[in-house]
Amino acid sequence: MQLASHFLGDILDSIIVDVASECHRIARLGLDRNLEEEEEEMKLSAQARVRVADPSSSSEANSKYVVDIFGQTHPAVANEIFECMNCGRSIMAGKFAPHLEKCMGKGRRARPKATRSNTGASQNRYSRSSPISTYSPYSSSSSVNRLSNGTPGVAGEEYGDGAFAET
Amino acid sequence: MRRASSINRPPTPDAEVDQEQELSLQEIINIKLIESGEKERLKELLRERLIECGWRDEMKAQCRAFTRKRGRNNVTVDDLVDVITPKGRASVPDSVKAELLQRIRSFLVSAAL
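These protein sequence lines map, in sequence, to chains A and B. With the UniProt record's numbering, the residue at position 63 of the first sequence is 63, and numbering never jumps. With the UniProt record's numbering, the residue at position 65 of the second sequence is 65, and numbering never jumps.
One or more hints might be untrue.
From the derived model, a few chain B residues whose C-beta atoms are all more than 10 Å from chain A [unchecked claim]:
hint, residue
1, N8
2, R9
3, E22
4, I31
5, E35
6, S36
7, D94
8, S110
Restraint ranges, calculated between C-beta atoms of paired labels, are given here [unchecked claim]:
hint, chain 1, residue 1, chain 2, residue 2, range
9, B, R105, A, R49, 43 to 51 Å
10, A, D68, B, D78, 45 to 53 Å
11, B, G37, A, L3, 52 to 60 Å
Partial list, derived from the structure: chain A residues whose beta carbon lies under 7 Å from chain B [unchecked claim]:
hint, residue
12, A20
13, S21
14, C23
15, A27
16, V66
17, F96
18, A97
None of these hints come from the bench; they were simulated from the model. Glycine included, every Cβ here is placed at the ideal spot set by N, Cα and C.
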């Protein structure tokens with residue numbers, strides 16, 4: 001229905017006039033002076049970004065001697081040396097994190113994540129305790145059973161009358 | 001008593017009533033749009049959509065570019081309207097057009113009842 005299009009065009013024209021009028025006002029009052037500087041900045045930064053992203057540009061960018069905005073250069077690995085507060089060794093700053101990973105794990109073998117069973121690390125801890133259990137006097141087997149919710153027999157004895165408490 | 005004959009009166013309303021009947025359908029609907037406030041609501045809706053999709057920013061950029069070339073004080077509103085009208089009409093997103101046309105058609109239907 002071109003009647004609808006006619007009205008759309010009508011409304012659009014009115015909005016166009018509003019925009020034009022506003023731009024005219026801004027232009028005549030010089031309110032866009034800051035904007036020009038901003039636009040210039042945006043253009044320059046976009047250009048700079050292109051230059052940085054382009055790997056085939058000047059050899060400067062490929063070497064380790066890229067210069068930051070203060071004119072400083074930095075090596076790929078931080079090379080300040082200081083003392084590790086854990087072991088007292090002299091460590092290079094850029095190598096500190098991996099060193100700390102190993103250094104603070106001392107007292108344990110490297111990366112003891114994979115154990116023989118897959119019932120969780122807590123089992124390992126309990127298996128080191130004495131075979132005589134101190135928790136459940138009714139349990140006659142090893143501590144492994146103690147951790148599970150126990151055989152129905154155990155629970156039954158606990159409740160005395162043999163009825164397994166159900167909730 | 002005689003009426004003052006120096007009074008000049010505009011034509012009586014009767015003549016205008018005849019004119020009204022010659023209003024086109026378009027004009028009648030336009031009046032209904034305006035009187036119901038729907039035209040203003042449609043304009044607000046369109047304005048909002050055009051801002052959202054960046055159309056307004058694009059038009060303003062065009063105006064600024066034109067102003068830079070011509071010189072700040074050599075630009076008139078009409079110049080700017082001429083600059084952005086063709087591009088403006090052409091660059092309205094289809095989804096926006098569809099939405100507005102839908103609403104206008106609904107109004108037309110309800111106005112006809």
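Going through the hints against the structure:
1. N8: For N8/B, whose nearest Cβ neighbour in chain A is about 37 Å away, the distance exceeds 10 Å, so it holds.
2. R9: Consistent with the label, R9/B stays out of reach of chain A, its closest Cβ about 35 Å off (over 10 Å).
3. E22: holds, 18 Å
4. I31: holds, 12 Å
5. E35: holds, 14 Å
6. S36: Non-interface label on S36/B holds, nearest chain A Cβ at 13 Å vs cutoff 10 Å.
7. D94: holds, 12 Å
8. S110: Answer for S110/B: holds, closest chain A Cβ roughly 13 Å.
9. R105/B with R49/A: 43 to 51 Å: For R105/B and R49/A the Cβ distance comes to about 47 Å; the hint holds.
10. D68/A with D78/B: 45 to 53 Å: holds, 51 Å
11. G37/B with L3/A: 52 to 60 Å: violated, 19 Å
12. A20: holds, 4 Å
13. S21: holds, 5 Å
14. C23: Holds: closest Cβ of chain B sits about 4 Å from C23/A, inside 7 Å.
15. A27: holds, 4 Å
16. V66: Because about 34 Å separates V66/A from the closest Cβ in chain B, which is outside the 7 Å limit, the hint is violated.
17. F96: violated, 47 Å
18. A97: Check failed: Cβ of A97/A comes no nearer than 44 Å to chain B, outside 7 Å.
Violated hints, listed in ascending order, are 11, 16, 17 and 18; each of the other numbered hints is respected by the structure.
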